[in-house]
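Just so you know, we're using UniProt numbering here: the sequence shown kicks off at 1 and counts up by one.
What the hints contain is simulated information worked out from the structure, not anything from laboratory work. Wrong hints could be hidden among the right ones.
[To be verified] Per label pair, the in silico range of CB-to-CB distance:
1) Ala139 - Gln342: 47 to 53 Å
2) Asp498 - Asp594: 19 to 25 Å
3) Ala710 - Thr561: 26 to 32 Å
4) Ile619 - Asn656: 39 to 45 Å
5) Asp594 - Gln625: 46 to 52 Å
6) Ser166 - Ala654: 52 to 58 Å
7) Ile638 - Ser609: 39 to 45 Å
[To be verified] Computed cross-link-like contacts, SDA-like style, restricted to lysine to any residue with a CA-CA straight-line distance of at most 25 Å:
8) Lys467 - Leu515
9) Lys592 - Ala532
10) Lys467 - Gly454
11) Lys467 - Gly167
12) Lys356 - Gly385
13) Lys356 - Leu337
14) Lys525 - Trp486
15) Lys592 - Thr574
16) Lys356 - Asp652
17) Lys356 - Ala658
18) Lys592 - Glu661
19) Lys525 - Asp485
20) Lys592 - Asp485
21) Lys275 - Glu382
22) Lys592 - Thr513
23) Lys154 - Ala250
24) Lys154 - Gly167
25) Lys154 - Thr179
26) Lys154 - Gly173
27) Lys275 - Ala198
28) Lys592 - Gly608
Idealized CB from N, CA, C, for every residue including glycine.
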Amino acid sequence: TRGDATVTNYGQLTGKNGIVVESGFTTEETTATSSMIEGDARVSNEGTITATSDAILVDAELNLVSNSGTVTSTGGAAVITGDGDSFVVNFGRLAAATEQDIAVSMGSGENIFAMTDSSELVGRVVNDGTGNALLLGGAETGELDLGQVAVDRKFSGFDTLAKSDSGTWTLTGGGSSLTEVWVEDGTLVFEGSIEAAAVTVEGAESVLAGSGTIGSLDLGEGATLSPGVGSIGTLSVAGDTLFREGSIYAVDLVTGGDNDLVSATGSATIETDAKLVLDITQSAAPFDITARYTVLSAEAGISGRFAEIEEDYAFLSVEQLLSLTETELALGFTRSLGTDEQPLAFSSMATRRNAKAAADAIDGMDEQSALYARAVVLTGSEAPGAFDQLTGEIHPDTAAAMLDRSRLSRQIVLARLDDAAQLGFGADLSLSSKGAAAAPAAAADWAFWMQGFGGWTDHEDDGNARKADASGGGMLLGADRDLGDWRVGFALGYGSDDISSSLARSEASVDSTYLAAYAGRDFGKATLKLGAIHALQQVDSSRSVSFGGVSETLTADYDATTTQIFTEGAWRMTAHGLGIEPFANLAYVATKTDGFSETGGLTALSAGSETHDQVTSTIGVRIDQDFTMGSTQGRALIGLGWRRAYGDLAQDSALNFAGSEGFEILSAAADRDALTLDLAMRFDLSPTATFSVGYNGLFGEDSTDQAATAQLAVRF
Numbered sequence: 001t002r003g004d005a006t007v008t009n010y011g012q013l014t015g016k017n018g019i020v021v022e023s024g025f026t027t028e029e030t031t032a033t034s035s036m037i038e039g040d041a042r043v044s045n046e047g048t049i050t051a052t053s054d055a056i057l058v059d060a061e062l063n064l065v066s067n068s069g070t071v072t073s074t075g076g077a078a079v080i081t082g083d084g085d086s087f088v089v090n091f092g093r094l095a096a097a098t099e100q101d102i103a104v105s106m107g108s109g110e111n112i113f114a115m116t117d118s119s120e121l122v123g124r125v126v127n128d129g130t131g132n133a134l135l136l137g138g139a140e141t142g143e144l145d146l147g148q149v150a151v152d153r154k155f156s157g158f159d160t161l162a163k164s165d166s167g168t169w170t171l172t173g174g175g176s177s178l179t180e181v182w183v184e185d186g187t188l189v190f191e192g193s194i195e196a197a198a199v200t201v202e203g204a205e206s207v208l209a210g211s212g213t214i215g216s217l218d219l220g221e222g223a224t225l226s227p228g229v230g231s232i233g234t235l236s237v238a239g240d241t242l243f244r245e246g247s248i249y250a251v252d253l254v255t256g257g258d259n260d261l262v263s264a265t266g267s268a269t270i271e272t273d274a275k276l277v278l279d280i281t282q283s284a285a286p287f288d289i290t291a292r293y294t295v296l297s298a299e300a301g302i303s304g305r306f307a308e309i310e311e312d313y314a315f316l317s318v319e320q321l322l323s324l325t326e327t328e329l330a331l332g333f334t335r336s337l338g339t340d341e342q343p344l345a346f347s348s349m350a351t352r353r354n355a356k357a358a359a360d361a362i363d364g365m366d367e368q369s370a371l372y373a374r375a376v377v378l379t380g381s382e383a384p385g386a387f388d389q390l391t392g393e394i395h396p397d398t399a400a401a402m403l404d405r406s407r408l409s410r411q412i413v414l415a416r417l418d419d420a421a422q423l424g425f426g427a428d429l430s431l432s433s434k435g436a437a438a439a440p441a442a443a444a445d446w447a448f449w450m451q452g453f454g455g456w457t458d459h460e461d462d463g464n465a466r467k468a469d470a471s472g473g474g475m476l477l478g479a480d481r482d483l484g485d486w487r488v489g490f491a492l493g494y495g496s497d498d499i500s501s502s503l504a505r506s507e508a509s510v511d512s513t514y515l516a517a518y519a520g521r522d523f524g525k526a527t528l529k530l531g532a533i534h535a536l537q538q539v540d541s542s543r544s545v546s547f548g549g550v551s552e553t554l555t556a557d558y559d560a561t562t563t564q565i566f567t568e569g570a571w572r573m574t575a576h577g578l579g580i581e582p583f584a585n586l587a588y589v590a591t592k593t594d595g596f597s598e599t600g601g602l603t604a605l606s607a608g609s610e611t612h613d614q615v616t617s618t619i620g621v622r623i624d625q626d627f628t629m630g631s632t633q634g635r636a637l638i639g640l641g642w643r644r645a646y647g648d649l650a651q652d653s654a655l656n657f658a659g660s661e662g663f664e665i666l667s668a669a670a671d672r673d674a675l676t677l678d679l680a681m682r683f684d685l686s687p688t689a690t691f692s693v694g695y696n697g698l699f700g701e702d703s704t705d706q707a708a709t710a711q712l713a714v715r716f
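Just need the whole structure built from these sequences, with the hints factored in.
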């Protein structure tokens, strides 16, 4: 017959021959198809063919064989094509009996053998003619030893290699017979040597990479050259290099001096609109802004320049520098200029006051300092987050938390003095069955009490400092007695608080030992309370920094103290069985922190000894009601107040990096005005013992402080 023949197998063929399609009379040896044609022959196998001789034999003017299944020959070739032009593509498995046997035999026409990164070939592929091509495809990764593409090797009779599809193929070894290599899609990585081959790269999705040697290079429009494989590399060219219009040279540079390079023995030509794309990776070594980085060398000379250098470095300008001999092209760096023709300030890329302060401090450091060298290579997208991490906000946040958390111990002492029975409003801790004060009990020298407390404080992001939280608790043990008209006492205790900032995984812990003294008395319906508390504290801080090749955890430990003095005046009255007590109090709190130096890396901060203080006042009213619950008598209390803070609402810390000037960092600001809420219940367990539970809250616009307490008091 005349025309084309197409044979498709979806099933399983077994016999001496599998499929025979040829231009001439055939015997009945085939178990599938026997025909006589003049034209194209197409064979597609998606099943399994097993033969004891040749599995697929195709002999026509144009031979097309596609295998997505398995073709096996135990005594011949898996595929044989005649002398017409042939295209054999293997997506599946083609297998001869052994690796040394011929798996695919192609005639004297112009032949293409294609394989994918997922295909399997057992045996050799041979060609009788010349001008044949080996095509590498697939969407994943594959590897080919160039030494196997040579006469009498696994791939024999091939002059051209072509790369298609989106996957990546890596070429290793040497000694190949190839004279041409084409990259039409995906990535081809040269890690071997192929000095006799001219390499052409075409198409916007095509990439040539690696650190091997090629004969010449023609980089087409939209194509990319990227020496190395995920790292720095030198691609050697034993001939000429041509960067065509619209081509891309992707250069990787590692701080410390290493960078990609194309080294040619011939000439290098850069046409109009060719582009260089620069990517700087920060390593352990700092970036040297004064160094030159050679990216192209050509022994026969370089002509042209890259029309554009694409980069995203906030503080660097890049220029191309041609050597006097015009054989080397290097990159040089200077600081980018702002609108005032001065170097663009690091702080121009920071978005918050604290970050700007840290950025300015680094900007003022010596250009050879390691931290400056890290910062100058930041990209526009990296810089804001990097400077945020460098502020050390956890340190002023800790000082602010120690001031804020002092309120818990102060409220406990005031609450102890608020017990009317201790100040003359009912001489006994117990109440009569009708809720009135009972007759005075026998005089008691000392009352001992124990109170546990726990609470949490939240400060919202104020536009400068990030959100910060503190939580913790502790216990106070105290004793008091009458001394003339006064009730005097003292207390000892321990507390622990954890402070965290939403910035850069920053946290601190504060362990406190409390020493307290207090006194109170009544003047008829008026009462006066006085107190002082001194806390000895140990601070441990930790923060993490990660940007631009820097990954560090910075820690510090130092001592601190918090001292507070406070007073409260109140006027007690009764109405309809309720106790009503308007009050006003005033407190002064001062926190002193020792100097410290963080350890852990080049972003470590230091600070000197500092003192932070705050004055607060609260006015409000407390209302209490006696009650009986079964056989237990007690008292319930609710209090509302308005607290006002004076002076600076944000605490500051003066910090510095090694080699930098000092800079000021602020904590999140506290609220100037806040509402206070007190809830408490006291249960009289016996004439000399009481148990109390309470809640205390402070609610501002941007911060909250809440605490719960439980107290046991016993008189002897």
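Going through the hints against the structure:
no.: 1; hint: Ala139 - Gln342: 47 to 53 Å; in the structure: 51 Å, holds
no.: 2; hint: Asp498 - Asp594: 19 to 25 Å; in the structure: 20 Å, holds
no.: 3; hint: Ala710 - Thr561: 26 to 32 Å; in the structure: 27 Å, holds
no.: 4; hint: Ile619 - Asn656: 39 to 45 Å; in the structure: 42 Å, holds
no.: 5; hint: Asp594 - Gln625: 46 to 52 Å; in the structure: 48 Å, holds
no.: 6; hint: Ser166 - Ala654: 52 to 58 Å; in the structure: 56 Å, holds
no.: 7; hint: Ile638 - Ser609: 39 to 45 Å; in the structure: 42 Å, holds
no.: 8; hint: Lys467 - Leu515; in the structure: 31 Å, violated
no.: 9; hint: Lys592 - Ala532; in the structure: 16 Å, holds
no.: 10; hint: Lys467 - Gly454; in the structure: 21 Å, holds
no.: 11; hint: Lys467 - Gly167; in the structure: 46 Å, violated
no.: 12; hint: Lys356 - Gly385; in the structure: 11 Å, holds
no.: 13; hint: Lys356 - Leu337; in the structure: 18 Å, holds
no.: 14; hint: Lys525 - Trp486; in the structure: 15 Å, holds
no.: 15; hint: Lys592 - Thr574; in the structure: 43 Å, violated
no.: 16; hint: Lys356 - Asp652; in the structure: 15 Å, holds
no.: 17; hint: Lys356 - Ala658; in the structure: 18 Å, holds
no.: 18; hint: Lys592 - Glu661; in the structure: 22 Å, holds
no.: 19; hint: Lys525 - Asp485; in the structure: 14 Å, holds
no.: 20; hint: Lys592 - Asp485; in the structure: 35 Å, violated
no.: 21; hint: Lys275 - Glu382; in the structure: 24 Å, holds
no.: 22; hint: Lys592 - Thr513; in the structure: 15 Å, holds
no.: 23; hint: Lys154 - Ala250; in the structure: 34 Å, violated
no.: 24; hint: Lys154 - Gly167; in the structure: 22 Å, holds
no.: 25; hint: Lys154 - Thr179; in the structure: 17 Å, holds
no.: 26; hint: Lys154 - Gly173; in the structure: 14 Å, holds
no.: 27; hint: Lys275 - Ala198; in the structure: 22 Å, holds
no.: 28; hint: Lys592 - Gly608; in the structure: 11 Å, holds
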